[in-house]
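Engineer: Sequence:
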Amino acid sequence: MLIGHHVSAAGGAQNAPVNAHDLKCEVFQFFTRSPQGGPAPKLTPDIVAAFKAGNEKFGIPRTYVHTPYFINFASANPGLRKGSIEIVRGELDRSSLLGVTAVMTHLGSAKDMPEKQALGFVGQAVKTILKGYTGSALFLLENSAGSGSVIGDTLEELSTFIQAVPAAQRKKLGVCLDTCHAFASGYDLRTKPAVDAFLKKFDAVIGLQYLKLIHANDSMLGLGDHRDRHEHIGKGKIGLAGFKALCGHPKLKNLDLILETPHDGKHIKDIALLKKLRH
37 MLIGHHVSAA
47 GGAQNAPVNA
57 HDLKCEVFQF
67 FTRSPQGGPA
77 PKLTPDIVAA
87 FKAGNEKFGI
97 PRTYVHTPYF
107 INFASANPGL
117 RKGSIEIVRG
127 ELDRSSLLGV
137 TAVMTHLGSA
147 KDMPEKQALG
157 FVGQAVKTIL
167 KGYTGSALFL
177 LENSAGSGSV
187 IGDTLEELST
197 FIQAVPAAQR
207 KKLGVCLDTC
217 HAFASGYDLR
227 TKPAVDAFLK
237 KFDAVIGLQY
247 LKLIHANDSM
257 LGLGDHRDRH
267 EHIGKGKIGL
277 AGFKALCGHP
287 KLKNLDLILE
297 TPHDGKHIKD
307 IALLKKLRH
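Numbering (the working numbering), first residue to last: 37 to 315.
Calculated from the structure, these hints are not laboratory results.
You may find that some hints are simply not true.
Unchecked claim - Restricting the straight-line Cα-Cα distance to at most 30 Å, the calculated cross-link-like pairs of lysine-lysine (DSSO-like) are:
#: 1; residue 1: K289; residue 2: K237
#: 2; residue 1: K208; residue 2: K152
#: 3; residue 1: K163; residue 2: K147
#: 4; residue 1: K236; residue 2: K207
#: 5; residue 1: K147; residue 2: K228
#: 6; residue 1: K287; residue 2: K273
#: 7; residue 1: K237; residue 2: K311
#: 8; residue 1: K311; residue 2: K93
#: 9; residue 1: K60; residue 2: K289
#: 10; residue 1: K118; residue 2: K93
#: 11; residue 1: K289; residue 2: K93
Predicted model, so just to flag it, every value in this text is computed and none were measured.
Make the full structure from the sequences, and use the hints.
Structural biologist: In structure tokens form, the structure reads like this:
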């Protein structure tokens with residue numbers, strides 16, 4: 037289990053490794069393009085080489101990319117759905133070029149259509165993205181907090197999307213579990229027994245072999261509140277005991293933990309704290 041944080045890649049992807057090293061990250065997550073929109077900056081051979089050299093220099097074995105926030109596979113607008121599919125597939129190709137381990141994405145919101153139709157659109161989008169994909173970066177579906185009509189807050193929904201993909205392509209697919217989102221969706225993670233029960237349920241519904249990454253975030257708000265509000269580790273409603281159970285769980289020992297806590301100086305302590313909890 038290696039610990040890291042989402043870091044800035046301002047000025048180019050080649051700057052992300054040094055930013056991660058400065059925070060004492062063992063792994064890291066970043067955006068290859070603006071999360072708010074706009075064209076993706078070109079990944080020149082020099083940028084790719086510098087990114088890989090930086091990771092090698094600082095001994096960072098795995099890196100992760102987060103897709104832009106505007107991705108919506110469940111939009112009623114066919115153009116937005118198509119654009120979301122193209123952008124995510126592009127991020128997988130770009131990440132494979134960089135040697136990134138995995139790309140995770142939010143799935144979108146079903147506010148403009150019946151839920152059943154929206155779930156079908158998301159499953160089809162995941163299937164389309166992976167059709168013919170031969171890159172090295174894994175494609176990870178991130179669970180949501182379930183606010184409003186946001187898709188993907190239950191393990192059952194995530195399982196449906198995975199099952200929509202032909203078996204041969206599922207080896208490229210996985211889940212990124214966000215602890216804050218899971219807690220907000222009603223999955224208790226506050227104690228060791230609760231974590232054990234959740235992982236047992238995950239295995240029964242999805243299969244633990246699909247759990248590829250954890251976003252380790254405490255929650256400002258309570259269990260089942262369906263609000264996505266990240267808090268520093270041990271300062272929120274999940275609490276220190278929950279993260280101690282996660283960090284020490286034998287079934288999670290080979291997974292990386294990426295923090296997405298506020299960049300306010302306290303995030304440096306979050307990294308150090310999780311490193312301490314895993315021992």
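Engineer: Each hint needs a verdict: does it hold in this structure or not?
Structural biologist: Okay, the hints, checked on the actual structure:
1. The hinted pair formed by K289 and K237 meets the criterion: a straight-line CA distance of about 18 Å does not exceed 30 Å.
2. A C-alpha spacing of about 25 Å is found between K208 and K152, which places the hinted pair at or below 30 Å, so the restraint holds.
3. A distance of roughly 22 Å separates the Cα atoms of K163 and K147; the hinted pair therefore holds under the 30 Å criterion.
4. Note on K236 and K207: the hinted pairing holds, with a Cα-Cα distance of about 21 Å set against a maximum of 30 Å.
5. A C-alpha spacing of about 36 Å is found between K147 and K228, which places the hinted pair above 30 Å, so the restraint is violated.
6. With a CA separation close to 23 Å, the supplied pair K287 and K273 stays within the 30 Å bound.
7. Restraint check for K237 and K311: the C-alpha separation of about 26 Å stays at or below 30 Å, so the hint holds.
8. A distance of roughly 21 Å separates the Cα atoms of K311 and K93; the hinted pair therefore holds under the 30 Å criterion.
9. Note on K60 and K289: the hinted pairing holds, with a Cα-Cα distance of about 20 Å set against a maximum of 30 Å.
10. At roughly 39 Å between alpha-carbon atoms, K118 and K93 are farther apart than 30 Å, so this suggested pair is violated.
11. For the given pair, K289 sits about 25 Å from K93 by alpha-carbon distance, which is consistent with the 30 Å threshold.
Going down the numbered hints, you'll see the structure goes against 5, 10, while the others check out.
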